[in-house]
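Enquirer: Each chain, letter by letter, is given below.
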Amino acid sequence: MNIDLLKVLLKRVLSSLIIMFLLISFMFVLLRLSPGDPSDKFISPQMSPELAAKVKESFNLNASIASQYESFLINVLQGNFGISYTYRTPVISVIGDYLPFTIIFALLSFIFQISLAFLLALLSVRKLDGFVDRAISKLSLVVYAIPSFVIGISLILVFSVYFRIFPSSGLASFDSASFSFFQKLSDYAGHMVLPLITLSLGGTAVFYKYLRDNMVEIYNKPFVLNLRANGVSERKITVRHIIPNAIGPLISVAGVELGVLFGGALITEVIFSLPGMGRLTINAILSRDYPLVIGCTFVAGMLVIISNFAADLLKTTIDKRLIKDMLN
Amino acid sequence: MRIKLFLPIFLIIVLLFPSCQKESPSNQNRVIVGISADPESLNPLFVLSFEEVNISDQLFLGLVTQKWNDSLGIVESAPMLAKNWNWNKDSTSITINLRKDVSWSDGKPVTVKDVIFSLDMYSDPDVQSRLYGTFENFYVDKNQHVIIDKTFEVLSPYKFIIKLNKKTAPSLFNIDFPIIPEHVYKGINRKNLVTEEKNIKLVTDGAFTLSSWNKNQAIILKTNKESFLYRPGNISELIFKIIPDYNSRLLQLKNGEVDIIDHIRSQDVEAIKNDSKLELKSIKGREYEYAGWNNIDPSAYREDQKIIPNKLFGSAKVREALSYAINKEEILNEFLNGYGDIATGPVAPIFKSAVDTNLKPLSYNPEKAKKILNEEGWKDLNNNGVLEKGNQEFSFVLNIPAGNLLRQFAASIIKNNLKAIGVKISIQTLEPSVFFNYLLDKKINAWIGGWVVPIPITLKPYWYSNFEQFKLNVINYKNSESDSILDKLDKSTTIKERNSLLRKFQRIVYKENPVTFLYWIDNLVAYNNRIKNIEINPLGYLHHSWNWSFKD
Chain A
555 MNIDLLKVLL KRVLSSLIIM FLLISFMFVL LRLSPGDPSD KFISPQMSPE
605 LAAKVKESFN LNASIASQYE SFLINVLQGN FGISYTYRTP VISVIGDYLP
655 FTIIFALLSF IFQISLAFLL ALLSVRKLDG FVDRAISKLS LVVYAIPSFV
705 IGISLILVFS VYFRIFPSSG LASFDSASFS FFQKLSDYAG HMVLPLITLS
755 LGGTAVFYKY LRDNMVEIYN KPFVLNLRAN GVSERKITVR HIIPNAIGPL
805 ISVAGVELGV LFGGALITEV IFSLPGMGRL TINAILSRDY PLVIGCTFVA
855 GMLVIISNFA ADLLKTTIDK RLIKDMLN
Chain B
3 MRIKLFLPIF LIIVLLFPSC QKESPSNQNR VIVGISADPE SLNPLFVLSF
53 EEVNISDQLF LGLVTQKWND SLGIVESAPM LAKNWNWNKD STSITINLRK
103 DVSWSDGKPV TVKDVIFSLD MYSDPDVQSR LYGTFENFYV DKNQHVIIDK
153 TFEVLSPYKF IIKLNKKTAP SLFNIDFPII PEHVYKGINR KNLVTEEKNI
203 KLVTDGAFTL SSWNKNQAII LKTNKESFLY RPGNISELIF KIIPDYNSRL
253 LQLKNGEVDI IDHIRSQDVE AIKNDSKLEL KSIKGREYEY AGWNNIDPSA
303 YREDQKIIPN KLFGSAKVRE ALSYAINKEE ILNEFLNGYG DIATGPVAPI
353 FKSAVDTNLK PLSYNPEKAK KILNEEGWKD LNNNGVLEKG NQEFSFVLNI
403 PAGNLLRQFA ASIIKNNLKA IGVKISIQTL EPSVFFNYLL DKKINAWIGG
453 WVVPIPITLK PYWYSNFEQF KLNVINYKNS ESDSILDKLD KSTTIKERNS
503 LLRKFQRIVY KENPVTFLYW IDNLVAYNNR IKNIEINPLG YLHHSWNWSF
553 KD
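Listed in order, the protein sequences are those of chains A and B. All residue numbers for the first sequence refer to this note's numbering, where the first residue is 555 and numbers rise by one. All residue numbers for the second sequence refer to this note's numbering, where the first residue is 3 and numbers rise by one.
In short, the hints are calculated from the structure, not lab data. Note that the Cβ used here is the ideal one computed from N, Cα and C, for glycine as well. Check before you lean on any hint, since a few could be wrong.
Sample of chain B residues at the chain A side, in silico, Cβ under 10 Å [unchecked claim]:
| hint | residue |
| --- | --- |
| 1 | I34 |
| 2 | Q130 |
| 3 | T197 |
| 4 | I244 |
| 5 | V436 |
| 6 | F438 |
List of simulated lysine-lysine pairs, DSS-like, C-alpha gap at most 27 Å [claimed, not checked]:
| hint | chain 1 | residue 1 | chain 2 | residue 2 |
| --- | --- | --- | --- | --- |
| 7 | A | K608 | B | K308 |
| 8 | B | K513 | B | K373 |
| 9 | B | K279 | B | K256 |
| 10 | A | K595 | B | K144 |
| 11 | B | K506 | B | K493 |
| 12 | B | K381 | B | K417 |
| 13 | B | K152 | A | K608 |
| 14 | B | K69 | B | K227 |
| 15 | B | K473 | A | K608 |
| 16 | A | K681 | A | K692 |
| 17 | B | K462 | A | K595 |
| 18 | B | K308 | A | K610 |
| 19 | B | K480 | A | K595 |
| 20 | B | K217 | A | K595 |
| 21 | B | K115 | B | K152 |
| 22 | A | K738 | B | K217 |
| 23 | B | K480 | B | K445 |
| 24 | B | K69 | B | K553 |
| 25 | A | K608 | B | K462 |
| 26 | B | K193 | A | K608 |
| 27 | A | K610 | B | K473 |
Quick partial rundown of chain B residues pointing at chain A, CB under 7 Å, derived from the structure [claimed, not checked]:
| hint | residue |
| --- | --- |
| 28 | E42 |
| 29 | K217 |
| 30 | I241 |
Model the full structure from these sequences, guided by the hints.
Expert: If you want it as structure tokens, here you go:
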């Protein structure tokens with residue numbers, strides 16, 4: 555089994571490398587073909603044409619796309635994504651400023667989504683088609699349909715403006731540097747509540763729907779009836795049989811969702827002024843910061859691949875037969 | 003089971019409790035300004051956007067500061083690091099005495115060495131500063147680098163002479179640049195500075211010092227109590243809070259989480275006026291919008307730089323007709339709620355002594371527009387509702403940048419206005435950087451654009467006939483008479499002479515309608531009325547913020 559697992563790993567690493575190569579190559583070509591010039595914003599009205607030409611030259615965009623691509627690939631292979639035009643620092647260090655927050659935020663949201671969805675699904679299936687089940691199902695549809703900016707602004711209105719319970723934006727208070735460890739922790743937690751809810755509600759609704767349907771399906775399977783007939787308690791059936799069987803199909807969806815979250819949550823980041831990858835990527839695209847766009851794409855792509863791979867591995871630990879499927 | 007469930011809930015409540023105390027500026031002696039984007043730099047060598055310059059100006063002082071004289075509508079220079087100065091007889095050199103009571107935040111004094119070093123750095127091509135290439139009034143080498151030996155004569159650590167290029171018309175604006183500390187930057191490889199400046203701690207001499215900068219969160223400035231600008235009782239902290247979303251900024255202003263925001267949308271004006279704790283001020287504009295008509299055929303120019311009048315917009319009479327056909331008042335009143343002025347030319351009404359008040363806006367008159375177009379040979383011969391001249395139909399694409407709500411609104415009004423006189427247009431929205439790139443590359447025929455008039459008024463880059471040298475003449479306006487005025491403006495020394503030339507220029511542009519001037523836009527600023535001494539004028543709302551204090 556270990557050799558099989560190793561084969562799966564190697565196969566995945568190889569395919570991931572190919573995907574990443576294609577992804578950044580595609581981005582490179584796309585950016586060079588798209589209209590707009592990153593040097594435009596550095597041209598001042600007073601500059602002479604000679605100086606303006608010098609500025610343009612300094613971006614090294616006059617060379618042919620093939621030769622630009624060649625030097626780009628050589629640099630990337632050496633782990634060098636270049637210098638961001640906007641931040642004038644290496645792309646890796648710019649991304650390093652934004653990535654930790656995004657990863658923590660995405661993981662927290664992911665845990666929140668899964669936990670809440672589980673809780674709600676369990677409540678629903680306790681009495682199928684009962685009031686609670688119908689209420690949660692309808693509510694989840696409504697929540698899923700509401701755009702996240704509406705949820706975000708509404709939460710700010712209720713919890714920041716009227717009740718003044720949570721801060722409306724930012725990651726920490728201005729004075730947080732002088733706080734004790736626990737005060738800092740509480741400060742961060744307070745700032746994260748509304749963004750987490752905003753980011754997570756939509757995903758929770760999706761996970762809930764999957765879990766509930768899976769659970770209902772499994773509840774109707776003959777082996778559950780058999781267990782009941784043998785006098786096994788409902789609690790034991792749920793914990794030992796229903797939940798493990800219901801999780802399987804959810805894991806693939808969860809892998810994709812986690813990958814999407816890692817790519818950044820633009821709307822939530824903008825509404826709550828959070829320093830995430832979504833904002834960084836969009837600003838890089840709008841300002842034609844080519845090296846940074848490619849760096850962000852690379853990181854987002856890597857995280858999607860990793861999270862999907864992690865999901866697949868998790869599935870194999872639940873059902874070992876899947877390794878053979880993955881090898882094929 | 004219940005205890006197990008209760009415990010995490012209890013922990014969460016305990017953890018969140020202290021954060022429930024909302025961050026409010028009113029508790030402290032601080033002012034919080036809501037801004038839309040995090041600056042890329044605060045180093046005066048590299049700041050680029052308005053917001054970056056505004057924040058950097060709180061940290062670094064120049065030799066002089068600007069003051070707005072509202073009665074005359076002019077900008078005047080006042081002493082800052084320079085205690086006083088004397089021009090020589092022909093205004094080609096200036097003797098400056100520096101203040102002796104100014105120190106950098108690391109304790110070292112600010113001296114002539116710093117002034118000389120700053121000019122050397124700003125003009126050095128290796129540094130790539132934002133001011134590079136703008137020192138034409140100084141003696142410069144072929145790389146535009148200021149020749150220090152020829153420019154400066156040091157009389158003492160606090161007294162020196164600056165000699166300016168005799169062939170130009172220098173003014174105090176030429177020496178208005180923030181001074182940077184020589185001892186911090188002198189050992190650094192200038193070529194690497196552009197990528198390494200962020201690792202260098204900012205050593206400042208302004209009214210504030212940089213306390214902290216949490217990327218994409220907030221920039222906290224603290225009052226510099228050693229500064230000669232410090233007054234006990236004034237604000238102690240100036241915080242720039244980054245809030246990208248306009249609605250969130252507005253909400254936080256109303257909620258008391260921020261004290262000041264600008265660029266208030268006109269639809270929110272009433273709500274702010276009705277809020278007893280808020281004050282609304284409009285900064286009369288230096289920013290105008292126009293409907294741009296490419297005066298030449300863009301494709302012919304791109305191919306072999308041939309200048310052929312544009313088939314649609316090449317005639318001044320046609321452009322005049324288009325100006326009559328557009329209902330500028332409707333856009334101004336409907337979208338901007340009247341917070342602006344109809345524009346007649348590129349000199350803002352706030353420059354009272356330079357603007358030609360005899361020029362009246364071309365008021366909405368579709369009948370007159372139709373008549374002019376008819377006289378120019380544009381007639382609807384096939385009765386399809388669109389004018390023709392020969393085989394040419396009067397139809398074109400009007401380009402606007404994406405995300406600009408005012409221009410979207412204006413485009414739809416213009417579309418309807420022009421349809422009424424038989425001109426067919428379709429609106430194309432372009433991503434802003436694409437839009438700007440197309441303008442510079444002369445790829446589009448018609449658009450809605452806007453410019454901010456610099457202080458002092460600078461027209462040449464936008465209106466001079468040499469299209470290659472002045473790329474910002476995006477409409478490709480060509481007029482030898484206006485060129486000679488712009489040349490003279492470069493050499494004029496007296497305010498009277500300058501104003502007379504500026505008025506003459508406006509009259510030519512008014513007659514020729516190279517673009518349809520739409521309106522000057524007011525910048526609406528809302529602030530918490532607990533703050534007093536805010537100077538809101540065309541120089542901005544952060545001007546001299548060290549004078550701000552709080553009402554009792």
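Enquirer: Decide, hint by hint, whether the structure agrees.
Expert: Hint-by-hint comparison with the structure:
1. I34: For I34/B, the interface hint holds, since the closest Cβ of chain A sits about 8 Å away, which is under 10 Å.
2. Q130: holds (7 Å)
3. T197: OK, holds: T197/B within 10 Å of chain A, min 5 Å.
4. I244: Holds: closest Cβ of chain A sits about 6 Å from I244/B, inside 10 Å.
5. V436: holds (4 Å)
6. F438: holds (6 Å)
7. K608/A <-> K308/B: holds (25 Å)
8. K513/B <-> K373/B: holds (17 Å)
9. K279/B <-> K256/B: holds (8 Å)
10. K595/A <-> K144/B: holds (24 Å)
11. K506/B <-> K493/B: Holds: K506/B and K493/B sit about 16 Å apart, inside 27 Å.
12. K381/B <-> K417/B: holds (19 Å)
13. K152/B <-> K608/A: holds (26 Å)
14. K69/B <-> K227/B: holds (23 Å)
15. K473/B <-> K608/A: Measuring from Cα to Cα gives roughly 15 Å; hence the hint holds.
16. K681/A <-> K692/A: The hint holds at about 15 Å.
17. K462/B <-> K595/A: Holds: K462/B and K595/A sit about 19 Å apart, inside 27 Å.
18. K308/B <-> K610/A: holds (24 Å)
19. K480/B <-> K595/A: Distance of about 25 Å is within 27 Å: holds.
20. K217/B <-> K595/A: holds (22 Å)
21. K115/B <-> K152/B: At roughly 15 Å apart (the allowed maximum being 27 Å), K152/B and K115/B satisfy the hint.
22. K738/A <-> K217/B: It holds: about 18 Å lies between the C-alpha atoms, which stays within 27 Å.
23. K480/B <-> K445/B: holds (18 Å)
24. K69/B <-> K553/B: holds (24 Å)
25. K608/A <-> K462/B: holds (21 Å)
26. K193/B <-> K608/A: holds (15 Å)
27. K610/A <-> K473/B: With a Cα-Cα distance of about 14 Å, the restraint between K610/A and K473/B holds, given a limit of 27 Å.
28. E42: Since the shortest Cβ distance to chain A is 6 Å, the answer is holds.
29. K217: holds (6 Å)
30. I241: holds (6 Å)
No hint from the list above goes unmet by this structure.
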